[in-house]
Amino acid sequence: MIIPILRLGKILLTSIQQELTDADVLQLQSDLLRKVSEIEALGVIIDITALEVVDSFMARVINDTAGMARLLGAEIVICGVQPYVAMSLVEMGRDLIGADCVFNLDQGLKLLEARIAVRGDAILSLEGDEYARNDRP
Amino acid sequence: MTTNSLAPIANLLQQHRVAICDEWLNDIMRIWEHSHAGLVDKEEVSRQANDFLKELAVFFNSHSGEAPAEISTNSPFGKIACELSIERAKKGFKPADTAQYIITLKNVLTRHFLRTYSETPVDLALYLRVMNDMLDRISLLTFEMYVETRERIIAQQSLSLSELSTPIILLWNNVLLLPLVGVIDTVRARQFTERLLEAITRYEANVTIIDVTGVPVFDTSVARHFMKVIDAAQLLGSRIVMTGISPEGAQTLTKLGINFSNIISRATLRSGLAEALLLVGRRIELIGGVRP
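Line by line, the protein sequences are chains V and R. First residue of the first sequence? That's -19 in our numbering, and the numbers climb one at a time after it. First residue of the second sequence? That's 11 in our numbering, and the numbers climb one at a time after it.
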C-alpha cells in the first residue's frame, strides 16, 4: 500500500489512516526519506490521528525515521497520538517515540515553522529555491 | 707492473672502451627498441655507458686480489649503478630490463676476454670469474635500488593522493570545510583528523562543515571515525555541521544506532553553509541584480 506524502512548501506531510503491515511501514520510511532528500525538506509531519493501535515495530520505525530525517536536515514532528496509543507505548518502553509530539496538525505546523524560522537555511526558501524543485541529478 | 693481477682487465677496458661501448649499446638498444621505444635517449645511454666503463676500469685498477671488494652504494661506481637504476625505475622500466642492461655488458665483455686472452687460459679463467662475480653484484645492487626507488615512488604517490583527496578549506572567517571524497579507511581517517584539528586550532574555527557527499559507503568503522573527529573537534570548541548524507546513508547510520545527536546535519552543503554562517552570526543576502 502506498501512503501519500504531501508537500507544503518545504514541509512534507504524511498521514497514516489505517493499520499498516511491517513492509508498508518500511516502504513509507524509505519513500519519505527519498522525498526529504529530493526537495531538501526542512520539516516533516507524521500524522497518526487515525491510528487506534501502534505496535512496537511501527513505533520503532517512526522513531528511526525521525533520526534519519534529522540527519538529512529536516525537523520532525508527530501529531495526533491517541490516549490509548500513548498508554500502550509507555507500557512498552518510554523511548519508543523520541520525536516531538503535538495534539494536532495545526500545532504541528506552527511548531515546525517556529523551528525552521531560526534555522540558517530558511533563507534558501525565501530566495525561491529553483534547484530543489527539480529533481537533483 | 705492480702486483695487481686484475690490471690487465683495466687495460683492456681502457683500450677497447669505444668498441665495447658500441657493442654494448647496439645489443641493449636492440632489446629495448621493442619494449621501450621512445623512452630511451640514445646519447644519454651512450654517455652513461661510457661513464660506467670508465669507473669499471678504475675499479679493476685499484683492486687487486681475486675477490672484488664489497660494492657499496657510496663508492663512485656504486653511485653510477644506482643512478642508472633509479632513472630506469622512474621511467617505468621493468626490473628485468635493468638487469638485462648489466647482463648484456657481461656478454660483451666475455666475448672480448675470450678474444684477447685465448692464449693464457689460466688468466682467462681468473678474469672471467672476477668479471662475472663483479657484474653479478652490480646487477643485484641495481635490482635492489630499483625496488627501493619504486617503493619510494609508490609511497609518495599514495601520500599525495591522500592529501589531494582531503583538502581543508577556510570557507569564511572561522568557518572550515572538510570535503570528503572516496572510501574512508583508518589511515585516511587518522590523517584527516590530525590535519583538521590542526587547522581548527590555527584558524580558530568556530564551525567546521564536514561534507560527505562523496563518501560512497557508511558502515560502523566509518561512523566510528566520524564520531572521533566530531568529539575531538568539539573538545577544541568547534561546532560541527555535517552535510551531504544520502537517504541510504542516514538509514544505515540510524540502524547502526548512531544518531549524531550532538551535531547539526543538513542534506546539502548549501544548507550546511547557510547554517554555519548563522552560527558565526552572518548570512548571505540577496541584493538583486546580476553583476556583469
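Do not take every clue at face value.
Said to hold, decoys possible - Listed next, the in silico DMTMM-like pairs over lysine to aspartate or glutamate satisfying Cα-Cα at most 20 Å (straight line):
| hint | chain 1 | residue 1 | chain 2 | residue 2 |
| --- | --- | --- | --- | --- |
| 1 | R | K101 | R | E129 |
| 2 | V | K(-10) | V | D35 |
| 3 | R | K116 | R | E208 |
| 4 | R | K265 | V | D35 |
| 5 | V | K15 | R | E258 |
| 6 | R | K265 | V | D86 |
| 7 | V | K90 | V | D11 |
| 8 | R | K265 | V | E71 |
| 9 | R | K52 | R | E33 |
| 10 | R | K64 | R | E43 |
| 11 | R | K100 | R | D51 |
| 12 | R | K89 | R | E54 |
| 13 | R | K265 | V | E32 |
| 14 | R | K265 | V | D2 |
Unchecked claim - Covered stretches of chain V (in silico footprint by chain R; criterion: 3 or more residues with CB under 8 Å from a CB of chain R, positions within the stretch not fixed):
| hint | stretch |
| --- | --- |
| 15 | -7 to 0 |
| 16 | 5 to 14 |
| 17 | 49 to 57 |
By construction, these hints were calculated from the structure, which means they are not laboratory data. If you're wondering where the values come from, they're calculated on a predicted model, not measured in any experiment. Glycine residues also receive a C-beta, built at the ideal position from the N, C-alpha and C atoms.
Quick rundown of the hints versus the structure:
1. Of the supplied pair hints, the one linking K101 of chain R and E129 of chain R is violated, its CA atoms being roughly 44 Å apart against a limit of 20 Å.
2. For the suggested pair K(-10) of chain V and D35 of chain V, the alpha carbons sit about 30 Å apart, so the restraint of at most 20 Å is broken.
3. In summary, the hint linking K116 of chain R to E208 of chain R is not supported, as the alpha carbons are separated by about 56 Å, beyond the 20 Å threshold.
4. A hinted pair counts as satisfied when its Cα atoms are at most 20 Å apart, and K265 of chain R with D35 of chain V qualifies at roughly 18 Å.
5. Distance hint between K15 of chain V and E258 of chain R is fulfilled; the C-alpha atoms sit about 12 Å from each other, no more than 20 Å.
6. Of the pairs offered as hints, the one joining K265 of chain R and D86 of chain V is violated, with about 31 Å between alpha carbons and a cut-off of 20 Å exceeded.
7. With a CA separation close to 24 Å, the supplied pair K90 of chain V and D11 of chain V exceeds the 20 Å bound.
8. Using a Cα cut-off of 20 Å, the hinted pair K265 of chain R and E71 of chain V is violated, with the two alpha carbons roughly 23 Å apart.
9. Taken as a hint, the K52 of chain R and E33 of chain R pair is honoured in the structure, with Cα atoms around 13 Å apart against an allowance of 20 Å.
10. For the hint linking K64 of chain R to E43 of chain R, the alpha-carbon distance of about 25 Å lies beyond 20 Å, and the restraint is violated.
11. With a C-alpha separation of about 14 Å, the suggested pairing of K100 of chain R with D51 of chain R holds against the 20 Å cut-off.
12. Distance hint between K89 of chain R and E54 of chain R is fulfilled; the C-alpha atoms sit about 17 Å from each other, no more than 20 Å.
13. Restraint check for K265 of chain R and E32 of chain V: the C-alpha separation of about 27 Å exceeds 20 Å, so the hint is violated.
14. About 16 Å separates the Cα atoms of K265 of chain R and D2 of chain V, which keeps this hinted pair within 20 Å; it holds.
15. Check on the stretch -7 to 0 of chain V: 0 of its residues sit with their Cβ under 8 Å from a Cβ of chain R, so the three-residue criterion for coverage is violated.
16. Counting residues of the stretch 5 to 14 of chain V whose CB falls under 8 Å from any CB of chain R gives 4; the rule of at least 3 is met.
17. For the stretch 49 to 57 of chain V, the assignment as covered by chain R holds, since 6 residues bring a beta-carbon within under 8 Å of that chain's beta-carbons and 3 suffice.
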